[in-house]
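J.: Use the sequences and the hints to build the structure in full.
Sequences listed follow chains A and B, in order. Just so you know, my numbering puts the end of the first sequence at 397, numbered straight through with nothing missing. Just so you know, my numbering puts the end of the second sequence at 814, numbered straight through with nothing missing.
Mixed in with the good hints, there may be bad ones.
Cβ pair distances, simulated, as ranges [stated by the list, open to error]:
#, chain 1, residue 1, chain 2, residue 2, range
1, A, 21, B, 803, 26 to 32 Å
2, B, 723, A, 6, 27 to 33 Å
3, A, 87, B, 483, 39 to 45 Å
List time: in silico DSBU-like cross-link candidates among lysine-lysine, alpha-carbon distance up to 30 Å [as the list claims (entries may be wrong)]:
#, chain 1, residue 1, chain 2, residue 2
4, B, 410, A, 310
5, B, 645, B, 809
6, B, 809, A, 310
7, B, 400, B, 761
8, A, 3, A, 247
9, A, 10, A, 247
10, B, 400, B, 809
11, A, 310, B, 645
12, A, 247, A, 310
Read the hints as simulated data drawn from the structure, not as lab findings. Glycine residues also receive a C-beta, built at the ideal position from the N, C-alpha and C atoms.
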Amino acid sequence: MKKIFAIAWKDSIIRFASSSELLFFIILPIIFIFLIAGGVPTGDEDNRRRLLVVDHANTAISQELVSELENSTSVRPDVMSIEEAEEQFESRRAAAMLIIPASFDIESIQNGTAQLDFRGQPNDIDSSVAQRAVETAIRKASSVMSAANMALEEAKARGTFESSEDEQAYFNAALETAKSLQADSPERITTIQGNTPDDFDYDPQANVSAGQLITWVFIPLFGISALLAYERQQGTLRRVLTTPTSKATFLLGTISGQVVMALIQMTLLVLFAVLAFKLNWGNPIGLYIVLTCACLAAAAIGTTMGTFIKSEGQATGLSIMAGMLMAMLGGCMYPLELFPPFMQSIARIFPTTWAMQGLLDLSLRGAGVVDILLEAGVLLGFAGIFFAIGVMRFRYE
Amino acid sequence: MLKTFLIGLKDLKIAFRDRAAIVFMLLTPFLLTIGMGLVTGRFSSNDSSGALNIPIVIVNLDNDSLGDALVEVFNSEELADLVEPTISQDAEAARTLVDEDETTVAIIIPSGFTQSIFSENINQSENIQIEFYANPSRPTSAGIVKTILDGFMARVDEMRVGSITSVAQLIISGRISPEQANAVGEEMGARFENTSTDFNETLITLNTSTNETETNEVDMLAFLAPGMALMFLMYTVSYGGRSILAEKAGGTLPRLLVTPTNSMQILGGKVFGIFLTGAAQMLILIGATTLFFQLQWGDVIGVVLLVFAAVFGATGWGLFITALARTPAQVGSVGTAVMLIFGILGGSFFEVENLPVIAQMFSKITPNAWALDGFTSLAFGGNLASLTTPLLALLTMGIVLFLISALLFGRKNLVQK
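T.: The structure is reproduced here in structure tokens:
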């Protein structure tokens, strides 16, 4: 036991010999959680596409058009100056912009000269969506004018007007009638929400915190491979051979030290999410069962990697690469539910998927200890398989 | 000049002989690009252009002119990228498809819908409504379909209000008698039913334009691949910077100084080496994604210029980190941290607009954001002119960081015997 503690303590000293380790241990994970969780949508906000609107006219009809756009179910207008809109559009921060020219008023619509300028990003589906929404808003804003125009054309088909004033008076009267009819128009569409079960539980703070926690703990645990390679390169493993220390004691010391550090790191990140986002991680016993099992699985993979990789440099690179890939494919960066179906199935071969599943079951779905036993069992399975391979392949030289 | 070139070439060879460096420079960005492609469905879908193809079911129980017109609208070429309609005659089955999350919306056009709009006696006509049965787990897609349906209904209402207004005004003005109203109304209704209606026709002309593009489709990999390549470019430049300090610590730098080579030639060579390695990394990744995924990066000259500018800007960062660090290990740690932070801030994983406002501001100091902007422009068919801002930003970034780094190197007497 003393030996195991001594080996674990020695590894901690090596790991934290440079203060830059703190960067990866706690500073970067917190920065990443803040950046990603602070930016991703919560699901409660307006999820309509943003449409930049420049209203040079500022007339009653242009405001009515903007008002119709505000009622749209697919875009939300963001009225701003032409300079600001141009800047945002050119830097592709918006898919489309609508420019209402200064000449846009009732008269221009009546005499058929009213024009609006719509600019969309090429090959951008959001631009097509925005164009549809603008066309619908135009239709709604100008429908009474169209109706009045239609009435005028019908009248002209049955005789001429004595003067242009008569014609205008006829149009104005038709416009009033049309407005009154429009106001009394019945609702033609009834919207009913279906009974689709919404099994996509998503909370940005919970997802991002859990995802980053797993990512930033798996990478250093995979880094056990670098630790083994370093000791092998330095010849210190050979020196251990001359002492009465078994292979199992050495590995247990190395792995347990890293696992304890990973649990400390996870605890700090769990507390950060609690303080920063008031995140409820769920059942604490369940939480630490999942975290411990995840740590053991990652440490076992790191041990196995360490028996294959020769140099510390390669081990570091491969640990980061494997950690990032498994995090990405295991749903730690993007929700697993958004993956294509075949990728959702493939993702089950990664321990990150099971760790994520366990944490989200606890924090989002209110699961208890019994409910996360499957995830914990699978993670322990990973740990068992990879420890077995690691111990079998482990050599001091 | 030759010495500078030779030192640079030597560093390039060393970098590409280092297996650990190759893992980070080439293998990791390549595999992460594949990973991003897999999770976004790029490799599982035949369509890489980002078309929505929202699945909807239309149940046309009306079987009359307006019901048919609505079906026609949703099947039009204009909406081909937005919706994927299926026609059904079973309203209950359509609702079940929504309930089972198999489709986004069921649009049920009831029997007698057209008749209710063009009824002989409008005042007594029954208000028959189209049922919009929406999938609550797909609110954005349902919202888009609703917009299209709203546009159609607004046109229908416009025709209805126009007809009633026309008849009413004709009576008021004495052009027809009240007894003629029904006949005139019928005649107008028949005209609407028998002439094909342009559902896009309005009194207001909508002039549409898009930014210039030569390509018809843009591959989503065109956003992912440069994002990953640029993120790991930051690793390469810090790796190069680390080699300056490592050579000093290892004694090879002082040895170089006893040869007839001055410190400027040595430092210039080291910087040139970083630049060459970064450019080689980017060009290999671009070549590999073009070869394996048929990814179109756009104008070749533009891509090469942008690669050089991005590597120049990133090299500036690599030197700056080196100038601030005391040991090669510090350059390695800080370089990796900067690589990851710039990756997030520069849009390698998430669109910059989705980050907090303060992060969006900081993204401007990363070469990743500017270069990614340029690569996106090129993928959209942009030309050299569209690269003006990113190129200027990257070159300015590089020059400013080079000057600061030179000042710091001078203070530290880095390249001295």
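J.: Against each hint, give a clear statement of whether it holds in the structure.
T.: Checked hints:
no., hint, verdict
1, 21(A) to 803(B): 26 to 32 Å, "holds, 30 Å"
2, 723(B) to 6(A): 27 to 33 Å, "holds, 31 Å"
3, 87(A) to 483(B): 39 to 45 Å, "holds, 42 Å"
4, 410(B) to 310(A), "holds, 21 Å"
5, 645(B) to 809(B), "holds, 12 Å"
6, 809(B) to 310(A), "violated, 36 Å"
7, 400(B) to 761(B), "violated, 36 Å"
8, 3(A) to 247(A), "holds, 12 Å"
9, 10(A) to 247(A), "holds, 17 Å"
10, 400(B) to 809(B), "holds, 23 Å"
11, 310(A) to 645(B), "holds, 26 Å"
12, 247(A) to 310(A), "holds, 18 Å"
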